[in-house]
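Novice: Produce the complete structure using the sequences and hints provided.
2 protein chains.
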Amino acid sequence: MNFDVLQRKIEDMGNPTVVGLDPTRALIPDALLDSAETLADAYINYNRALINAIYDIVPAVKPQAAYYEALGPVGMRVLQDTCAHAASRGMYVILDAKRGDIGSTATAYAEAYLSNEAAYDVDSITINGYIGSDCIEPFYDAAKKNDKTLFVLAKTSNPSSGELQDITTSDRRRVYEVMGDLIEKLGADSRGEYGFSRIGAVVGATYPEELRIMRERLPHTFFLVPGYGAQGGGAADVAGAFDKNGRGAIVNSSRAIIGAWKKTGKGGLDFAEAARDEALRMRQDLRNELKY
Amino acid sequence: MNFDVLQRKIEDMGNPTVVGLDPTRALIPDALLDSAETLADAYINYNRALINAIYDIVPAVKPQAAYYEALGPVGMRVLQDTCAHAASRGMYVILDAKRGDIGSTATAYAEAYLSNEAAYDVDSITINGYIGSDCIEPFYDAAKKNDKTLFVLAKTSNPSSGELQDITTSDRRRVYEVMGDLIEKLGADSRGEYGFSRIGAVVGATYPEELRIMRERLPHTFFLVPGYGAQGGGAADVAGAFDKNGRGAIVNSSRAIIGAWKKTGKGGLDFAEAARDEALRMRQDLRNELKY
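Chains as they are written, first to last, in the working numbering: chain A, 815 to 1106; chain B, 815 to 1106.
FYI, nobody ran anything at the bench for these hints, they're computed from the structure. Take these hints with a grain of salt, some might be off.
[Unchecked claim] With the C-beta cut set under 10 Å, the calculated list includes, among others, these residues of chain A facing chain B:
| no. | residue |
| --- | --- |
| 1 | A880 |
| 2 | Y882 |
| 3 | A920 |
| 4 | Y923 |
| 5 | Y927 |
| 6 | N930 |
| 7 | I950 |
| 8 | S971 |
| 9 | T983 |
| 10 | G1009 |
Keep in mind it's a predicted model, so treat the numbers as computed, not measured. Note that beta-carbon positions come from the ideal geometry of N, C-alpha and C, so glycine has one too.
Specialist: Here's what the structure looks like:
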């Protein structure tokens, strides 16, 4: 599904939020750990319950591959189950894998995650484009062929992102702008109804000025915006990610939502309900700022 | 194991080669496909036989994660078996995964691949550092703690690598040099007997001039050099990766070795022998140039 489908889901729900499904042992309530035979089973139960609790108010989920890979091979079965369950609930599934390689290797990654025969039912994947367009193109080809999308890292949300990404080039662009221009150019032949191509960009909420610059610069690029909440970005900071019609971006929150039960004092018995409550709070926070 | 161990293996064998284990269906001889119940089993048999055929003449293997991930969850069992088998034969195992993320996510990747309790028995992993030192540090911390290493992408071997990596900065460095300087700086507290830190760099054989510049610039950084053979780099091109003592680099070849049987006209019955013959040919090619 392209970004038109995601944009429509966002507008139908009035909520440009994606929930990061980043399970760790510490985030799973004791009752779930006790009732499952293995940690992998506990992850499956946790993720399914979270998805069931939010799918009618949140348009998308973003499983972070690292947390599944950390369980070894069985973790990939958890990832498979989680993607399939989210897809079955009608959610847009963005696999946060930050993969990147060239030629036949990039094609193998694209087969793994962006093919319609892939083990993982995902709509989109995150890509690290430092290698250049040789890396982006095989993923993009798969996305076009299989009606999927990708997000390329442009300006990431972490404190040291400027070390490479903020470098000023001899033609007075920043490296993240060079990456952005490449994304905008490569995607020119796949613009949908709302004008967005199948190649999105990751631009962090923690750099609101850069976010605004990038929104202006890349009118046909859909943004995935990490850094809201736990990393310090607020609703005002993410506002610059949206175009004048309030379109073109989705804002991620992970631990603040899936670990919301840690702040309710109920020992985790309410983890799904707490996640829904926090997702509703975030929705309202974004609505207030974006005037939905 | 740090790069001292790898350097010693290289010198003991007189061979600075790493063999890329990048299985695809097309590379597996028919006889192996026919005798295995599943493609995954065929991959396992193929990789084990290749390892058995070269472990006494080649110091290291580099499984490329993408080809295993392309099989879905079961592919990770193949990867697990391959890493374990190579390690049991005394080979240095470099997982080519080009992972990269920040904070707890990077820590989860490091747990997945660089912990001593990890499902995968690897000595080293490749990392994409576009995100900055926030990305490199968690992997580096795990490497120091668990006696392992990592390789960070600096100047990659593909045609479009210059789009981002060759950009000239306002202080007249190239972006790949900025990445190199960061690698050299971050690794300063883990230099071994031969002077190399636990953070290596990926620098492609297809850019011999840049390779020489980087060797000069990063005296304490061990290089992983892709691009020999199939991508067009020859022994003369990789020579610049080595320091004046002939140390500090390992050269990758993948398909030319593991698919060498395709050129012998024996239908693949000789795939392991053909791989060994090609590995010996490459060793001689490198020895002639490096005057081992």
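Novice: Determine for every hint whether it applies to the structure shown.
Specialist: Structure-based check of each hint:
1. A880: With Cβ-Cβ at 4 Å, under 10 Å, it holds.
2. Y882: Since the shortest Cβ distance to chain B is 9 Å, the answer is holds.
3. A920: Holds: closest Cβ of chain B sits about 7 Å from A920 (chain A), inside 10 Å.
4. Y923: At 5 Å from the nearest chain B Cβ, Y923 (chain A) passes the 10 Å test, so the hint holds.
5. Y927: holds, 8 Å
6. N930: violated, 13 Å
7. I950: Interface hint status for I950 (chain A): holds (9 Å vs cutoff 10 Å).
8. S971: holds, 8 Å
9. T983: holds, 5 Å
10. G1009: Given a least distance of 25 Å, the restraint on G1009 (chain A) is violated.
The earlier numbered hints that this structure contradicts are 6, 10.
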